[in-house]
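K.L.:
Hey, can you work out the whole structure from these sequences and the hints?
Sequences listed follow chains A and B, in order. Numbering-wise (our numbering), the first sequence opens with residue 4 and increments by one. Numbering-wise (our numbering), the second sequence opens with residue 4 and increments by one.
Errors might be hidden in some of the hints.
[What the hints assert, rightly or not] Derived pair list, reagent style EDC-like, types lysine to aspartate or glutamate, alpha-carbon separation capped at 16 Å:
id	chain 1	residue 1	chain 2	residue 2
1	B	LYS204	A	GLU329
2	B	LYS23	A	ASP406
3	A	LYS490	A	GLU424
4	A	LYS21	B	GLU405
5	A	LYS5	B	GLU405
6	B	LYS5	A	GLU349
7	A	LYS204	A	GLU349
8	B	LYS57	B	GLU139
9	B	LYS5	A	GLU165
10	B	LYS23	A	GLU405
11	B	LYS113	B	GLU96
12	A	LYS21	A	GLU32
Hint data in this document are derived by calculation from the structure and do not stem from the laboratory. None of these values were measured; they are calculated from a predicted model.
There are 2 protein chains.
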Amino acid sequence: MKELIYHRHFIPALQRHKTKPAVVDGTYEATFEQHADRVYRLVHALKHQCGVSKSDRFAVLARNSHEYLELFHAAFLGGGIINPLNLRLSPKELNYIIQDSGAEIVFVDKHFAPLLALALSESERFPIRKSILIGEEGDPSEFHYEDMIRAASPILPSEPEEEDPVVLMYTGGTTGLPKGVVLTQRAKMLNQYHGRLARPKMNDTTVSLIQTPMFHVASTGALLSTYAVGGTTVIIPGFEPRLVMNEIERHQVTSTTMVPTMIGMMMAHPDFSPQRLRSLEQMTYGASPMPGALLGKLLAASPELELFQGYGMTESSASLTSLSPEDHRKGGAYLRSVGRPVIGVELSIRDKDGQEVATGDIGEVCARGGNFMTEYWNKREATQEVFRNGWYHTGDAGYLDEDGYLFLVDRVKDMIVTGGENVYSTEVENAIASHPAVRQVAVIGIPDEVWGEAVHAIVVLVEGASVSGEDLMEHARESVAGYKVPKSIAFRNEPLPLSGAMKVLKRDLRAPYWQDQERSIS
Amino acid sequence: MKELIYHRHFIPALQRHKTKPAVVDGTYEATFEQHADRVYRLVHALKHQCGVSKSDRFAVLARNSHEYLELFHAAFLGGGIINPLNLRLSPKELNYIIQDSGAEIVFVDKHFAPLLALALSESERFPIRKSILIGEEGDPSEFHYEDMIRAASPILPSEPEEEDPVVLMYTGGTTGLPKGVVLTQRAKMLNQYHGRLARPKMNDTTVSLIQTPMFHVASTGALLSTYAVGGTTVIIPGFEPRLVMNEIERHQVTSTTMVPTMIGMMMAHPDFSPQRLRSLEQMTYGASPMPGALLGKLLAASPELELFQGYGMTESSASLTSLSPEDHRKGGAYLRSVGRPVIGVELSIRDKDGQEVATGDIGEVCARGGNFMTEYWNKREATQEVFRNGWYHTGDAGYLDEDGYLFLVDRVKDMIVTGGENVYSTEVENAIASHPAVRQVAVIGIPDEVWGEAVHAIVVLVEGASVSGEDLMEHARESVAGYKVPKSIAFRNEPLPLSGAMKVLKRDLRAPYWQDQERSIS
Numbered sequence: 004m005k006e007l008i009y010h011r012h013f014i015p016a017l018q019r020h021k022t023k024p025a026v027v028d029g030t031y032e033a034t035f036e037q038h039a040d041r042v043y044r045l046v047h048a049l050k051h052q053c054g055v056s057k058s059d060r061f062a063v064l065a066r067n068s069h070e071y072l073e074l075f076h077a078a079f080l081g082g083g084i085i086n087p088l089n090l091r092l093s094p095k096e097l098n099y100i101i102q103d104s105g106a107e108i109v110f111v112d113k114h115f116a117p118l119l120a121l122a123l124s125e126s127e128r129f130p131i132r133k134s135i136l137i138g139e140e141g142d143p144s145e146f147h148y149e150d151m152i153r154a155a156s157p158i159l160p161s162e163p164e165e166e167d168p169v170v171l172m173y174t175g176g177t178t179g180l181p182k183g184v185v186l187t188q189r190a191k192m193l194n195q196y197h198g199r200l201a202r203p204k205m206n207d208t209t210v211s212l213i214q215t216p217m218f219h220v221a222s223t224g225a226l227l228s229t230y231a232v233g234g235t236t237v238i239i240p241g242f243e244p245r246l247v248m249n250e251i252e253r254h255q256v257t258s259t260t261m262v263p264t265m266i267g268m269m270m271a272h273p274d275f276s277p278q279r280l281r282s283l284e285q286m287t288y289g290a291s292p293m294p295g296a297l298l299g300k301l302l303a304a305s306p307e308l309e310l311f312q313g314y315g316m317t318e319s320s321a322s323l324t325s326l327s328p329e330d331h332r333k334g335g336a337y338l339r340s341v342g343r344p345v346i347g348v349e350l351s352i353r354d355k356d357g358q359e360v361a362t363g364d365i366g367e368v369c370a371r372g373g374n375f376m377t378e379y380w381n382k383r384e385a386t387q388e389v390f391r392n393g394w395y396h397t398g399d400a401g402y403l404d405e406d407g408y409l410f411l412v413d414r415v416k417d418m419i420v421t422g423g424e425n426v427y428s429t430e431v432e433n434a435i436a437s438h439p440a441v442r443q444v445a446v447i448g449i450p451d452e453v454w455g456e457a458v459h460a461i462v463v464l465v466e467g468a469s470v471s472g473e474d475l476m477e478h479a480r481e482s483v484a485g486y487k488v489p490k491s492i493a494f495r496n497e498p499l500p501l502s503g504a505m506k507v508l509k510r511d512l513r514a515p516y517w518q519d520q521e522r523s524i525s
Numbered sequence: 004m005k006e007l008i009y010h011r012h013f014i015p016a017l018q019r020h021k022t023k024p025a026v027v028d029g030t031y032e033a034t035f036e037q038h039a040d041r042v043y044r045l046v047h048a049l050k051h052q053c054g055v056s057k058s059d060r061f062a063v064l065a066r067n068s069h070e071y072l073e074l075f076h077a078a079f080l081g082g083g084i085i086n087p088l089n090l091r092l093s094p095k096e097l098n099y100i101i102q103d104s105g106a107e108i109v110f111v112d113k114h115f116a117p118l119l120a121l122a123l124s125e126s127e128r129f130p131i132r133k134s135i136l137i138g139e140e141g142d143p144s145e146f147h148y149e150d151m152i153r154a155a156s157p158i159l160p161s162e163p164e165e166e167d168p169v170v171l172m173y174t175g176g177t178t179g180l181p182k183g184v185v186l187t188q189r190a191k192m193l194n195q196y197h198g199r200l201a202r203p204k205m206n207d208t209t210v211s212l213i214q215t216p217m218f219h220v221a222s223t224g225a226l227l228s229t230y231a232v233g234g235t236t237v238i239i240p241g242f243e244p245r246l247v248m249n250e251i252e253r254h255q256v257t258s259t260t261m262v263p264t265m266i267g268m269m270m271a272h273p274d275f276s277p278q279r280l281r282s283l284e285q286m287t288y289g290a291s292p293m294p295g296a297l298l299g300k301l302l303a304a305s306p307e308l309e310l311f312q313g314y315g316m317t318e319s320s321a322s323l324t325s326l327s328p329e330d331h332r333k334g335g336a337y338l339r340s341v342g343r344p345v346i347g348v349e350l351s352i353r354d355k356d357g358q359e360v361a362t363g364d365i366g367e368v369c370a371r372g373g374n375f376m377t378e379y380w381n382k383r384e385a386t387q388e389v390f391r392n393g394w395y396h397t398g399d400a401g402y403l404d405e406d407g408y409l410f411l412v413d414r415v416k417d418m419i420v421t422g423g424e425n426v427y428s429t430e431v432e433n434a435i436a437s438h439p440a441v442r443q444v445a446v447i448g449i450p451d452e453v454w455g456e457a458v459h460a461i462v463v464l465v466e467g468a469s470v471s472g473e474d475l476m477e478h479a480r481e482s483v484a485g486y487k488v489p490k491s492i493a494f495r496n497e498p499l500p501l502s503g504a505m506k507v508l509k510r511d512l513r514a515p516y517w518q519d520q521e522r523s524i525s
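P.N.:
Given below as structure tokens:
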């Protein structure tokens, strides 16, 4: 089958909009025709200059750029499997991922060439045959992206099959070694349909600003669909509040994706003023709920702005739910929800025996749809572990209300079972974090002979502040039930350990307590 | 694969909207839950009371009703392959289709039970084992739909595969025996995605009025998607201007599909007034272009109404193109276009050697996409004939302009090749039809020793009017080039022969001229 492939979206857009601006990246501009010419050349070069066939992986370690967009489009037109690397990883982690993916070719920009060199130095054997430098500048002894493009021919690439893998994206890190998520043309194209039905205003008047990192699955929706609908893709190397506002204003950007932290930073910037965002019609955010105060400020600045919250993960490539602009206007409890399943995705909340729980009850969020990965690369057991009875198990604990809105409460693995009661670590963390002396807090379960697990908090205080464990327990008791209040609190001087995706590594915090025992939820 | 099946759309809608009105049909009303209960029972009854498995065909010969909707939904939930029968067919044609489809069960309403009896009397051997009478009234010796539903159990139907056929719809009649178009779950679900991206306002505030016949592919979009988006489906037995306006007003209908003739009849009705249509947000039309005057009246009456024109055929289930509300507002030449390909569909204009022609040149309209039929039922050669080099050949002649708008000019088979020049019969017909004495006209090619084919017109005059052939030729010469003017004109007293789909049977008109010869375009 060849209908659910990117060709079917890319080529009609190209035919219709040949001379219209397709890509803007700083001073670089390309029409639909110019962009396609470069992408076709890149597919040709991948094959004939790099020896990459459509089932081979090539890695990218770079900030956002039009070349990165070209590499994505080349992969989607059958040029190979793109393996975008997280820029926040350590050399050791990068080394592991490249070994695991078996990528023989890596595209790197000048900012990350030194990190790549460090990663390569981590081991003697390495699959990489060639690294290609993105951009015009740099060491003339290097192999340059532009030279490759110039030497290649712009030939319409032949069509892949729907089931051909096209993206290999690594995820995890809070729960063991990173796992490579294998996404096919079909999964990505269905995710496009689902996402565009949830955000129907995408069309040839759309101007998208890509400010989230291109290595992240949250960016791929706009990377693929903006060109496909005949819109213009504006790219910045990475998030920087002043640059975001400048580019929105300069290119009359209509649509972008941010996380609430980025929105907050932009609005707190001295250069911020509401009229600079006037062209924005829709904004998608995710990763965390929007604080009510921030939402209020944002809607006061841009009353017509349509806000969408999305929830998903790399494994679902990515959209599972969407909180609509209407839901945002309703406000209240809806703002704590991640929305309702997008068209094409089904959700089910299940207990640990795999049984569906009643509406309103908490369990593990499970989902299915055509947008899911086929497997974790070379990890059959891990794949079977997440796909059980036809449902993908997200590892998130949550519940559905009567109208089908999903509310997340915790990661399943971070849930604490004490005396038969479930305690959601995030709820307890919120209860402690509201104390003015607390800078960071993580709540975990530690072994307890009587209760199975006991609630334990690890706290980093604001510099110069002091408070006793008892006082913090007392403070928590004001907002949560007695059995949820930590039985013990440990103070810590250094910041909490974070993963590459900036999540607290609770696994590492739990480790010293569980050395001789196994947790029933592992 | 099971992702592109109707379960994935039907069940989430049911879960979300249980107690909301789903179906209204005169005095009958059902919530989402009540409708699903009846559909689940129907799937159960088809299997256990009728012996229909998911690959068996069942026929329906009935006016629009909630039962007809239930039969469609039952088929799409794996209850069998629905074979909706055209109500305008002759007993002989019906007999042929039922023999060809091999349907052993037929659902019929009291209006069409006599026609079915006539059709059955056409032959001695017949696949039909059982006919089931829709509705409560009727002969108590008959097998009744409601009895069947009552006796069945409402069990969630098991899931079909994407590639399972689900609709067998007969088409043709202007070009030989009717052919059964086999449409799968996948094709119908992808058509849903394509159509909904073209008309993005479908959501749980949608109230759809079904007034086009349910046996026609133009109705299936709304039949499937209204429930899936959480909207309400309002059904009338068939088009009747007063009833259409009453139901739009009574149920605050937001969306409907009509053909221009129906729109004209409604607006010419003495009971018409613009405010009766106030709730309408969008209207889809097809089958013929919208006359400029009618469009003007419609937009004057409902300035906010969003108009969509669709072009497609049963084989493409159905949407190929869409002319958007913005295109309608631009007016002018755009109104003669059927619009641009919907997302997921590619068009290509090809000459008779299968080569793509240049932009603006006329050729055969070809298309591809995931929405196409798999085959004509039991007709391998006819299937191969329409799918060549991966493209479906529509048999329509047309061209694409530079912005990708499709303009249709004729049926390829009705095109006349005279002295090496192509003449489009519709253009010549328009030139003659504008004469006040002409009631009907058909232009065909007849054998000519010098020119290969000669342009020939068959004319039915307005009662009491008279005009000579020479005068009509002179009249035509005012609007078309000399080589397009008919070389001969025949007058006819009886009306032109029409197909079941109300198209002029040019094949029958050509036959007497071509008895001893074969046309090169056949």
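K.L.:
Now tell me if each hint is right for this structure.
P.N.:
Against the structure, the hints:
1. The straight-line distance between the Cα atoms of LYS204(B) and GLU329(A) is roughly 14 Å, inside the 16 Å bound, and the hint therefore holds.
2. Our distance criterion of 16 Å between C-alpha atoms is met by LYS23(B) and ASP406(A), whose separation comes to about 11 Å.
3. Pair hint LYS490(A) plus GLU424(A) holds up; C-alpha atoms about 14 Å apart against a cutoff of 16 Å.
4. Between the alpha carbons of LYS21(A) and GLU405(B) the distance comes to roughly 10 Å, so the proposed pair stays at or under 16 Å and holds.
5. Restraint check for LYS5(A) and GLU405(B): not satisfied, since their Cα atoms lie roughly 26 Å apart, outside the 16 Å limit.
6. Our distance criterion of 16 Å between C-alpha atoms is met by LYS5(B) and GLU349(A), whose separation comes to about 12 Å.
7. Between LYS204(A) and GLU349(A) the CA atoms are separated by roughly 23 Å; this puts the pair beyond 16 Å, and the hint is violated.
8. For the proposed pair LYS57(B) and GLU139(B), the alpha carbon gap of about 27 Å is over 16 Å, so the pair is violated.
9. In summary, the hint linking LYS5(B) to GLU165(A) is supported, as the alpha carbons are separated by about 15 Å, within the 16 Å threshold.
10. Taken as a hint, the LYS23(B) and GLU405(A) pair is honoured in the structure, with Cα atoms around 13 Å apart against an allowance of 16 Å.
11. About 20 Å separates the Cα atoms of LYS113(B) and GLU96(B), which puts this hinted pair outside 16 Å; it is violated.
12. As the CA atoms of LYS21(A) and GLU32(A) are separated by approximately 14 Å, the hinted pair is consistent with the 16 Å bound.
Comparing the model with each earlier hint shows violations of hints 5, 7, 8, 11; every other hint is respected.
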